[in-house]
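Chains as they are written, first to last, in this note's numbering: chain A, 1 to 377; chain B, 378 to 654.
By construction, these hints were calculated from the structure, which means they are not laboratory data.
Check before you lean on any hint, since a few could be wrong.
No farther apart than 20 angstroms at their CA atoms in a straight line, the calculated lysine to any residue pairs in the SDA-like style are these [unchecked claim]:
{"hint": "1", "chain 1": "A", "residue 1": "105", "chain 2": "B", "residue 2": "431"}
{"hint": "2", "chain 1": "A", "residue 1": "156", "chain 2": "A", "residue 2": "103"}
{"hint": "3", "chain 1": "B", "residue 1": "465", "chain 2": "A", "residue 2": "288"}
{"hint": "4", "chain 1": "B", "residue 1": "635", "chain 2": "A", "residue 2": "56"}
{"hint": "5", "chain 1": "B", "residue 1": "646", "chain 2": "A", "residue 2": "256"}
{"hint": "6", "chain 1": "B", "residue 1": "650", "chain 2": "B", "residue 2": "614"}
{"hint": "7", "chain 1": "A", "residue 1": "105", "chain 2": "B", "residue 2": "408"}
{"hint": "8", "chain 1": "B", "residue 1": "650", "chain 2": "A", "residue 2": "103"}
Which residues of chain A face chain B? A few of them, derived with a C-beta cut under 8 angstroms, are [claimed, not checked]:
{"hint": "9", "residue": "56"}
{"hint": "10", "residue": "110"}
{"hint": "11", "residue": "111"}
{"hint": "12", "residue": "118"}
{"hint": "13", "residue": "258"}
{"hint": "14", "residue": "262"}
{"hint": "15", "residue": "265"}
{"hint": "16", "residue": "273"}
{"hint": "17", "residue": "284"}
{"hint": "18", "residue": "314"}
{"hint": "19", "residue": "316"}
{"hint": "20", "residue": "335"}
Yeah, the Cβ is synthetic: ideal placement off N, Cα and C, and Gly gets one too.
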Amino acid sequence: MHPAMAHSASGRTPRWLAHERLQDLLDALGRAGYQCIGPKLRDGAILYEHIDSAGDLPKGVSVEQAPGSYRVSMTDSPRRFAWANGPQAIKPFVFAPREALWRAKRCENGTLVFDAQPPANKPLAVIGARACDLAALALQDKHFLGGDYPDPNYAKRRNNMFVVAVHCSHPAQTCFCVSTGDGPRAAYGFDMAMSELDDGFVVESGSERGAAMLDALNLPGAVQAQMVIADEQSRHAAEVQQRVLPGRNLQASLFANLEHPRWQDVAERCLSCGNCTSVCPTCFCHSEADVPALDGGSSEHAREWDSCFTQGHSYVHGFTVRPDTRTRYRQWLTHKLGGWHTQYGRSGCVGCGRCISWCPVGIDITEEANAICGKQP
Amino acid sequence: MTHDDLPMEAEIIGRTEDSPTIFTLRLRLTDERQRHDYRFMPGQFNMVYLYGVGEVPISIVSDPHGPTVLDHTIRAVGRVTNGLAQLKAGDRIGLRGPYGRGWPLREAEGHDILVVTGGLGCAPVVAVINYILMRRERFGRLTIIQGVKHVEELIWRERYAYWSTLPNTHVLLASDHGGPLWPWHVGLVTEVFDDAAIVPDRSTVMMCGPEGMMHAGIANLTARGIPEERIYLSMERSMHCAVGHCGHCQYGPDFVCKDGPVFPYPQVKDLFKTRGF
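Bound-form chain A, shown alone (with noise of 0.2 angstroms):
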């Protein structure tokens, strides 16, 4: 069970942190032996890295989304969390882009040696944690710890994570998190959770470590006017989005239309290169190969992130499943808002848009599932 889960409503009085009290968060979080993560701008977009300071969060970035673009621009705005997101968030710092599983020695006498490869690192501490990533994070705990073979790597770097929810205030026009029913407000999965006003942060704890994190900042109240604010903020984000999927849960409709000629339709747009299923927070595809050293006495079996939009995802033995890109779209279509219901209990989509803002040509995940689906009830 996650901590939130057992968090008793004691802990749950909102206190307010001020802006410049961010550093003391930071802080008391390296104290307690955190190495914290939160978002940077860089390269023209908000990435999610390892922060030092509360200097490091992108104060007063603004972005525009759009299909097919992703743009920057810097306000006069005090606020550091006044955008909805950037390509990745928390995926990368679990399910690592890539990483060795284990290394094979070969010894004098021709015989082998395993050793596993574990991750190092000390606890993580996300700070700026979305509700979409968070509804992502549940789903790839339930991919990667939940079946009969939990992996060892993952779960290395997923204990004891501290999460540090903010409450996103400015959905991107590609975002629906409403539609799939994961956002704008953060629910669950946090240690704590913020609310961005001009001049800080309304806050509440979801978990006994949370509380006392807070407890130790000796955060004064906050006040019903900044809760208000709080409140409107997040009633606000909701009511601007204007994306939705046609329903819940398209598993029976996409595969009863198979044969829909919308697949070719996206298939003539679609560069089959792969962009979506790498800023997807819950694609979890991975390929695994092994790079020899040199002097040939060693070799490290690696796994790294695949897409289902590769001729060689589909390889085997040589015949190639899915030969072309109306079959790949069809494939990662039906699966993420379908085979998902059967295989975790819910889609695999949190409506984070992503995958429609960094598509080159623009193709918008919502718009494709209408065509092929239509209106659901």
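Given the structure of chain A, go ahead and fit chain B onto it with the hints provided.
What follows is chain B alone, placed relative to chain A:
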């Protein structure tokens, strides 16, 4: 249950050339404890690791009651399998497994068993044939049907010849194209079903081979009155991890590696006729 991800070291203790491109490696785990603890069920597979190159999923051919010796029949077709083809007795490789769901042996008890295979699909069923032969009284008539495209592709002639001498056991072979020294049927594998004396209400079918062949076989057998739920297929898809994480083997909502590779036909029926899954 936790997952021990590391391969175990195995020694090649024998190698058989089954055809110009197909070979069988006989393996023995080198660690005594691992060798002692290893168990598998017919239809399951191992991830076979070639040092410095990578892993491939290969079904276990040998007898589940002698799991200290593990036979894997392999076609040299890719980077890893072409490398494995170069190995000889004494060489060391890695082995992870066993993985997946095997054949429905308990459910099939009391039934006639119809084993229908094509090409190298004959490999994943050898263990089940041996399993049945060792418990002959629990099963009815055993019919082994194998189809190939060309006569040279048939491997294990001696094995089929031996099985055909056993009581209540029938072997029917077919090749799409005939040739010298081919005393069996020339034509599609489904054409020998007439000679199989099938009793639809007491038959269980175990099928493995190219999907086109399985497709034709299912259409033929269900037309004869065999219920779809008594037909089991061993499916094949790309596999990198074998534990349902890497995503390559997904077949609709199923992971072939852990939900299969053996499926009752109704479980995969909806997608089976659609190319691209």
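Cross-check of the supplied hints:
1. 105(A) to 431(B): 14 angstroms, holds
2. 156(A) to 103(A): At roughly 18 angstroms apart (the allowed maximum being 20 angstroms), residue 103(A) and residue 156(A) satisfy the hint.
3. 465(B) to 288(A): 26 angstroms, violated
4. 635(B) to 56(A): 44 angstroms, violated
5. 646(B) to 256(A): 13 angstroms, holds
6. 650(B) to 614(B): Measuring from Cα to Cα gives roughly 16 angstroms; hence the hint holds.
7. 105(A) to 408(B): Holds, because 16 angstroms separates the two Cα atoms, which is no more than 20 angstroms.
8. 650(B) to 103(A): 41 angstroms, violated
9. 56: Violated, because the Cβ-Cβ distance from residue 56(A) to chain B comes to roughly 33 angstroms (cut-off 8 angstroms).
10. 110: 6 angstroms, holds
11. 111: Holds, about 5 angstroms.
12. 118: 10 angstroms, violated
13. 258: Interface hint status for residue 258(A): holds (5 angstroms vs cutoff 8 angstroms).
14. 262: 15 angstroms, violated
15. 265: For residue 265(A), the interface hint is violated, since the closest Cβ of chain B sits about 16 angstroms away, which is over 8 angstroms.
16. 273: Constraint on residue 273(A) not satisfied, violated at 18 angstroms.
17. 284: With a minimum Cβ separation of about 6 angstroms from chain B (threshold 8 angstroms), the hint on residue 284(A) holds.
18. 314: Holds. Min distance 6 angstroms.
19. 316: 5 angstroms, holds
20. 335: 6 angstroms, holds
Checked against the numbered hints above, the structure violates hints 3, 4, 8, 9, 12, 14, 15, 16; every other hint is satisfied.
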